[in-house]
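Enquirer: Residue numbers (my numbering), protein chains in the order written: chain A, 1 to 100; chain B, 1 to 100; chain C, 1 to 100; chain D, 1 to 320; chain E, 1 to 320; chain F, 1 to 320.
Please keep in mind that the hints were generated in silico from the structure rather than gathered at the bench.
Check the hints yourself; a few may be wrong.
[Unchecked claim] Listed next, the in silico BS3-like pairs over lysine-lysine satisfying Cα-Cα at most 25 Å (straight line):
hint, chain 1, residue 1, chain 2, residue 2
1, D, Lys192, E, Lys193
2, E, Lys29, B, Lys19
3, E, Lys192, B, Lys54
4, B, Lys31, E, Lys193
5, D, Lys193, E, Lys192
6, D, Lys29, B, Lys54
7, C, Lys54, A, Lys19
8, C, Lys54, A, Lys98
9, D, Lys193, F, Lys251
10, A, Lys54, C, Lys54
11, B, Lys54, C, Lys31
12, F, Lys192, E, Lys193
13, B, Lys54, A, Lys31
14, C, Lys19, B, Lys54
15, F, Lys251, E, Lys193
[Stated by the list, open to error] Covered stretches of chain C, as calculated for chain A (at least 3 residues, CB under 8 Å):
hint, stretch
16, 14 to 27
17, 35 to 42
18, 64 to 75
Positions of the beta carbon are idealized from the N, C-alpha and C atoms, including for glycine.
Here is how the chains run, residue by residue.
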Amino acid sequence: MELVRLKLVTIVAEAILEKRLLEEVRRQGAKGYTLTDARGEGSRGLRTMDWEGKNIRLEVIVGEEVAERILRTLQENYFPYYAVIAFVENVEVVRGYKYV
Amino acid sequence: MELVRLKLVTIVAEAILEKRLLEEVRRQGAKGYTLTDARGEGSRGLRTMDWEGKNIRLEVIVGEEVAERILRTLQENYFPYYAVIAFVENVEVVRGYKYV
Amino acid sequence: MELVRLKLVTIVAEAILEKRLLEEVRRQGAKGYTLTDARGEGSRGLRTMDWEGKNIRLEVIVGEEVAERILRTLQENYFPYYAVIAFVENVEVVRGYKYV
Amino acid sequence: MDISELLRLNLLSPMVLAFFLGALAVWLKSDLTFPEGLYATLSLYLLFAIGFKGGVELSHTSVQAIALPALATLLLGLLTPVVAYFTARRYLRLDEANAAALAAHYGSVSAVTFLAALSFVQASGHRAEGFMPTLVALLEVPGVILGILLARRASRGGRLGEAIREVLTGKSVFLMVGGLWVGVLSGEEGMKKVEAFFVAPFQGALTLFLLELGMVAARRLADLRRLGVRLVLFGMAVPLLHGSVGLVLAKWAGLSLGGAVVLATMAASASYIAAPAAVRLALPQANPSLYLAAALGVTFPFNLLLGIPLYYATALRLWG
Amino acid sequence: MDISELLRLNLLSPMVLAFFLGALAVWLKSDLTFPEGLYATLSLYLLFAIGFKGGVELSHTSVQAIALPALATLLLGLLTPVVAYFTARRYLRLDEANAAALAAHYGSVSAVTFLAALSFVQASGHRAEGFMPTLVALLEVPGVILGILLARRASRGGRLGEAIREVLTGKSVFLMVGGLWVGVLSGEEGMKKVEAFFVAPFQGALTLFLLELGMVAARRLADLRRLGVRLVLFGMAVPLLHGSVGLVLAKWAGLSLGGAVVLATMAASASYIAAPAAVRLALPQANPSLYLAAALGVTFPFNLLLGIPLYYATALRLWG
Amino acid sequence: MDISELLRLNLLSPMVLAFFLGALAVWLKSDLTFPEGLYATLSLYLLFAIGFKGGVELSHTSVQAIALPALATLLLGLLTPVVAYFTARRYLRLDEANAAALAAHYGSVSAVTFLAALSFVQASGHRAEGFMPTLVALLEVPGVILGILLARRASRGGRLGEAIREVLTGKSVFLMVGGLWVGVLSGEEGMKKVEAFFVAPFQGALTLFLLELGMVAARRLADLRRLGVRLVLFGMAVPLLHGSVGLVLAKWAGLSLGGAVVLATMAASASYIAAPAAVRLALPQANPSLYLAAALGVTFPFNLLLGIPLYYATALRLWG
Ligand SMILES: Nc1ncnc2c1ncn2[C@@H]1O[C@H](COP(=O)(O)O)[C@@H](O)[C@H]1O
Ligand SMILES: Nc1ncnc2c1ncn2[C@@H]1O[C@H](COP(=O)(O)O)[C@@H](O)[C@H]1O
Ligand SMILES: Nc1ncnc2c1ncn2[C@@H]1O[C@H](COP(=O)(O)O)[C@@H](O)[C@H]1O
Ligand code: NA
Ligand code: NA
Ligand code: NA
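With the hints as extra help, turn the sequences into a complete structure.
Expert: Written out as structure tokens, the structure reads:
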């Protein structure tokens, strides 16, 4: 089994940001992503209308450096204005070299 | 990058418990939550009707103590009666001080 | 609190594989699973039609050995033909003895 | 039209056929699934539409006309859970919680079975009173509450008030009663505006719904095999009992033959939309396989296939 | 039919009642929820259907007939955001970003309010010009863009072009304008084919939509309490202002009484479908609670209940 | 009505226009998306409704009337995949798996193209036999199975039986054949009950479906550019070939002009609902971009725009 140790970055954000966040993570070097629809509450309550969907939960598996770049962009350009949460975990990925 | 080490508690439970579980985690000290719809099987098979939805997958990011309180409540008040699974991971959270 | 250290195996794959993957993980020894609908992109772009749904995100909590067996099967029988990603994490599970 | 002809018509309606088609899908292990949300959408639509039609009818019904039938319905709502409870305790030898769970289901009403009865009556050339959907809303609630009350000793104290609140504000009851009020207030004027959405396509939407329901029911059959033949018998005897009581009370309340068959069917039916959710929350220690398999796997198809024609045949004698 | 009768009819239509039923659901803490996707499906359907009907009408409207009304609509699209902006700055003492966000909302149009006005006018025995839905599509866009322009200094530079692009290709505008073109090109022939889907069930679908909208609006009421009474006054004064301007321009453009009431209502209404999304992306520093509470929590029910009959009563004088 | 007029009518139907509107949405990078579940809901509805209407028609068709046309359809189901397979091998120089995958798609049938042909024929004043939907169900399956058989050497052994099982119980085939049975058994009586849901709104629902399909197809165009001009030619030549064979067999089977055009179109169309799923599971080594781009990106619009009028013009000669 060829397991590679990588970072799993999970971002939960208001659904309206979907397009922008996908571009963002791609620009920072992510090779792929997985996205699920979610709902939730945090410090900022409800935000836009349901017509735009609610929250998205975006997962990207990346190397350590890319992970850091993604988090930094989020912190600078999204955290001040939008409802976003982001966190990182260590995961072991099958054929992980594909994703860095 | 200000990453704070916190606990990610994930709870999968029958959808009918949504309202109660959200109150529960809030009461134990969670500042927010993220919820996705899920389906699944475990030791107890299907439970209520589809009209009530199926399973929910509830994630809360909390400090160690709150995590423990949540798990204890689950074990005492929900595990004996309902289909629930719960587990904890370590995650590093951007601006994590907001969530404790 | 009786927390047991187990493996959380997450598999993201094209939705059409749902039935087969569920059989597969069961055959390798998983006692349950949790499944959410997801979408995503990776190295292989879009694959089948939306009518079949998109991606699924399958989580199984298992012991170390079963985790390994599952990953090996995936690598041999699915990775060459289908769009799949799989990774493992350590989690602490309430009443974890139920799942091994 | 004679009864065998009516039976054929009943069996061969698109709704009933769709139910069996759904069961067949499970049996053949087809990968047919309903998209998430479609089942909920159809339920929402059907419940609101039933309530709305009932409300519009009610808006031109006098209090006198409905007073006795409403009383009869309330009596049914009190009697049938008790009958079901003691039958379950004695005959099935269930503990209090499980018997109470069954009581809640058999004490309230299945909206789809109600609709099947209405179609049957129409096809047979009779006519049920316009306010029947009002009675459905009336019968939906007390059974569930009484069931929970019966289990009070069994339940782990406390939460009774919460449970009743949850039944009353639960989406099924809320939609049906809410639709009723919208119907009462907007009347025929309102009906004209939304008829093409809530009335004309109704039976077609019901057909799709039954396709899914057939799949759900078929998945319950495995449970049924495990739970045994006594439960099957229970699921057929209780409707017959309740149906008879329904006919008697309908006669007493002065309903027409058509209305009587519908009321009897309502009494005979077991809820599988509102009751399961309420019971799951209020009586978590009761076994859901038990009550879902009985209500959906036995009683629902039993009423659809045999129950309704039987209540009709009996009513023909009583009213003849 | 006198005005009190019309008011009753307006209040007791299934759509308006459904809106309040939705609010009641929230208030009673019912667990009623719409399945994910149903709200989006209904929006999609309603927007496309509005556009399509407008297009079919347009396909047999001469350029002369629509030229002046279209000009009047464009003028409204330029005037109303400016009025709303300065009212918000002066009276609410908001910063530039928040005032601009409100301007964008009150400068564009609420499709549902438009439809309510259309029904009201029909019920009162008048008739609006067939091309009114065309004007809705025309009024939807400029308000949002002007609002964003007004906030340009406030916004953190750059993204203006992107924001305008996002409004124009945003799904709300795209569906309505797209439906319009499909309607124009396929004309009456096309209408015959799809009438039973896009026209007949329309008001019923709108009823379901309003049930959900009532729930969304009620959840905003908490925000409203926090934001204070000045915002409530703003949410009622601005529509009256805009409605008056709308009537004057309608007169100038030679619209019929029916068309004038509908155009006034369009001007008076605040968008809560296209605008919020566009504003959230272009002006993230504006507070969404503010503009959603005002548009959906105050102005929408205000127009539904009082605004439309008022514009009608005023028009009766002006056209009488 | 002359052909240019028919062509115009065909192009300007709401369905065809919606398809191009969907493509435009992708091209303009609009954020228009269909809520999860709506596409699946519409597919489910359309497939069941097609089957149901076919079944009701079948319920009053004699065996003699349908025997020869059914035989012709089966022959098409055997011939067309073989033709497609060898064309793909020779002309596109594909390996066995990919050629077989294309064969499976071109050997079965696209329900939406079928419906477009039906509308076209009606608009031209002709009439297709009532049992045509029955033939669709008949043509849906053999192509897929034969395709998989053709690839047997290519496929990694084993799973053939499983694959055939999966086609037969797959949701597309199951819904269409299931709807057919419901229609046959419930007949005109059943039709009356559910007409307002399964028949009247059908073309409108199809319009929404095509809006989404246009988006899916447009996303395939990038693939197409990569795969090259030979695939585009293949996607237009094969329908012409199959359409001609279809006309000849229709003549032989004694179908009317209307029926012949529809049968030819069925033969000429390539499945993009049932076939892709079956092929993906049975022939995972085949490249989905290839067969989806060809079937949905080339052949579907080709038939919609040019194919159907061409088969009609040819039929006019043959039947004239
Ligand atoms: N403590 C938490 N645990 C899990 N998810 C959270 C938490 N706080 C916030 N979220 C998610 O992040 C989104 C934005 O949070 P906020 O910016 O705090 O409003 C919320 O809608 C939730 O989905
Ligand atoms: N081993 C497992 N791995 C992942 N999810 C599980 C597992 N076991 C149970 N679940 C989830 O937890 C829910 C309740 O499980 P149970 O109480 O065992 O019926 C199931 O419906 C699944 O969604
Ligand atoms: N780097 C990544 N991070 C997260 N999810 C991914 C990543 N790469 C691929 N995926 C998911 O795995 C699926 C299959 O990937 P692939 O086989 O690379 O096409 C995609 O559709 C995504 O949902
Ligand atoms: Na009952
Ligand atoms: Na306005
Ligand atoms: Na074909």
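Enquirer: Hint by hint, note whether the structure agrees.
Expert: Here is how each hint holds up against the structure:
Only pairs whose Cα atoms come within 25 Å are accepted, and lysine 192 of chain D paired with lysine 193 of chain E is accepted, the gap being roughly 22 Å. Distance hint between lysine 29 of chain E and lysine 19 of chain B is fulfilled; the C-alpha atoms sit about 11 Å from each other, no more than 25 Å. Only pairs whose Cα atoms come within 25 Å are accepted, and lysine 192 of chain E paired with lysine 54 of chain B is rejected, the gap being roughly 41 Å. The suggested pairing of lysine 31 of chain B with lysine 193 of chain E is violated, with an alpha-carbon distance near 53 Å, which exceeds 25 Å.
Taking the CA atoms of lysine 193 of chain D and lysine 192 of chain E, the gap is near 20 Å; set against the 25 Å cutoff, the hint holds. The hinted pair formed by lysine 29 of chain D and lysine 54 of chain B meets the criterion: a straight-line CA distance of about 20 Å does not exceed 25 Å. The suggested pairing of lysine 54 of chain C with lysine 19 of chain A holds, with an alpha-carbon distance near 18 Å, which does not exceed 25 Å. Proposed proximity of lysine 54 of chain C and lysine 98 of chain A is supported: the alpha carbons are some 21 Å apart, at most 25 Å.
Straight-line distance between C-alpha atoms of lysine 193 of chain D and lysine 251 of chain F comes to about 49 Å, which puts the hinted pair past the 25 Å bound. In summary, the hint linking lysine 54 of chain A to lysine 54 of chain C is supported, as the alpha carbons are separated by about 19 Å, within the 25 Å threshold. Distance restraint check for lysine 54 of chain B and lysine 31 of chain C: the Cα-Cα separation of roughly 18 Å lies within the 25 Å cut-off, and the hinted pair is therefore satisfied. Our distance criterion of 25 Å between C-alpha atoms is met by lysine 192 of chain F and lysine 193 of chain E, whose separation comes to about 20 Å.
Our distance criterion of 25 Å between C-alpha atoms is broken by lysine 54 of chain B and lysine 31 of chain A, whose separation comes to about 32 Å. In summary, the hint linking lysine 19 of chain C to lysine 54 of chain B is supported, as the alpha carbons are separated by about 18 Å, within the 25 Å threshold. At roughly 30 Å between alpha-carbon atoms, lysine 251 of chain F and lysine 193 of chain E are farther apart than 25 Å, so this suggested pair is violated. Evaluation of the coverage hint for the stretch 14 to 27 of chain C: breached, as 0 residues show C-beta separations to chain A shorter than 8 Å, against a requirement of three.
Evaluation of the coverage hint for the stretch 35 to 42 of chain C: fulfilled, as 7 residues show C-beta separations to chain A shorter than 8 Å, against a requirement of three. Given as covered by chain A, the stretch 64 to 75 of chain C passes the check, having 5 residues with a CB less than 8 Å from a CB of that chain where 3 are the minimum.
In this structure, the hints that do not hold are numbers 3, 4, 9, 13, 15 and 16, in rising order.
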